[in-house]
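> Listed below, chain by chain, are the residues.
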Amino acid sequence: MKPLAEAELHTYIDGALSESARAEIEAWLASHPEDAERLRAYAEQNALLRSLYNPVLDEPVPPGLLAVRPHAGLRYAAAAAIFALGIGLGWIVRGMFIAPQMLPTSFARLAATAHAVYAPEVRHPVEVTADEEQHLVNWLSKRLGTTLKAPKLGPLGYELVGGRLLSGPQGPVAHFMYQDARGQRLTLYVSRQRGEPRDTAFRFSQEDRVSVFYWVGGNFGYALSGEIRREQLLQVADVVYKQLNP
Amino acid sequence: MDRRLIIEHIPRLRRYARALVGDRYVADDLVQDTLERAWNKFYLWRPGSDLRAWLFTIMHNVFVNQARRRRYEIEQAMEEVPAVSVRATQSEHLELQDVDRVLRSLSPDQREVVLLVAVEQLTYEEVSGALEIPIGTVMSRLSRARERMRQLLGDQGVMPLKVVK
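If you're matching them up, the sequences are chains A and B in order. Note that our numbering has the first sequence beginning at 1, numbered continuously upward. Note that our numbering has the second sequence beginning at 1, numbered continuously upward.
There's no promise every hint is true.
Calculated lysine to aspartate or glutamate pairs in the EDC-like style (CA-CA distance at most 16 angstroms, straight line) [claimed, not checked]:
1. A:Lys152 to A:Glu132
2. A:Lys149 to B:Glu36
3. A:Lys149 to A:Glu159
4. A:Lys242 to B:Asp109
5. A:Lys149 to B:Asp29
6. A:Lys142 to A:Asp58
If you're looking for bench data, these hints aren't it; they were derived computationally from the structure. None of the values given here were measured: they were computed from a predicted structure.
With these hints in hand, go ahead and build the complete structure from the sequences.
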């Protein structure tokens, strides 16, 4: 019997083989148990890798991927230029020129209320803590029917505390809480929006002591709330926005 | 230009990207970059040729460029784990997690080949075309990748997987 090339052995588990080729390999394997064991292990690898990754096929495709359009690169370049020109101030000015009927101010009020209720909570500020961040994000993503991200605000001094599920007028709301070294808390309120996907500029609302920057991105409304100065909150909102819209 | 042509491939692009880079968001970013590039170069695609293979080629190029630029591939800092004889009885109860961990320990070159063959079930010729490498290189990478995985999985519990410098 002529020795089989390594490639032919792999063909046995991967490819469509002719009857004669298959018989030839099987004859070889019958007298070479080490090769047979090797192929058994490789075939098992195939099966394990498929069972590990095939479930991705059943996941809903994130709307962001379905929305990719030709020449997005140019739009991103333009967006980057706008950012570069207008850090912070640009957004405020832009906000003044964009019709304010996009999102009812009640959205900001809801977010501020949620902030006011949960931020002072000492023992149970969140339902799922940051220790289980992946679980938290997966859970809330599933409930909102999208792929959420918990923004990373470490460079600004805010670490994720955790999050919870809330109910809002449009159904489930994802609520993430952050905290700095002094215990100052910020919350990010994310809820699905009615109507066509759209994008709005940042808008600001002062609800009693709670400052809120809020905006719409695609099908979702976002509100960042905190009892900190407007300028500081804007800085954080800008980072949140960029991370959610890279 | 028919968007549906590309859109119907997104689930499989996501599966491949997830397996390739591990992290869900990094993977979807990779898919997004791939789709953008595919859209902008769609005029280069020859109608009638295999769109899926073409998309894999684009993803491969994006992946290689990103890996070069951002150095995702921290696994590459890991040393080769020495080959130790296989204990056959241990391969009976392989955990999926272990398989994933071992997959991460492969070089990106090897991981691409093994995933395109095992998960995407491309033929060797298709892999050769998608990665733009000779078929002999496909076979040698596949062979090395599988053998390395076999040894690492066989060594479960014998020695820690991570040997970090």
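> Which numbered conditions among the earlier hints are violated in the structure presented, ordered from lowest to highest?
The structure breaks hints 2 and 4; every other hint is satisfied.
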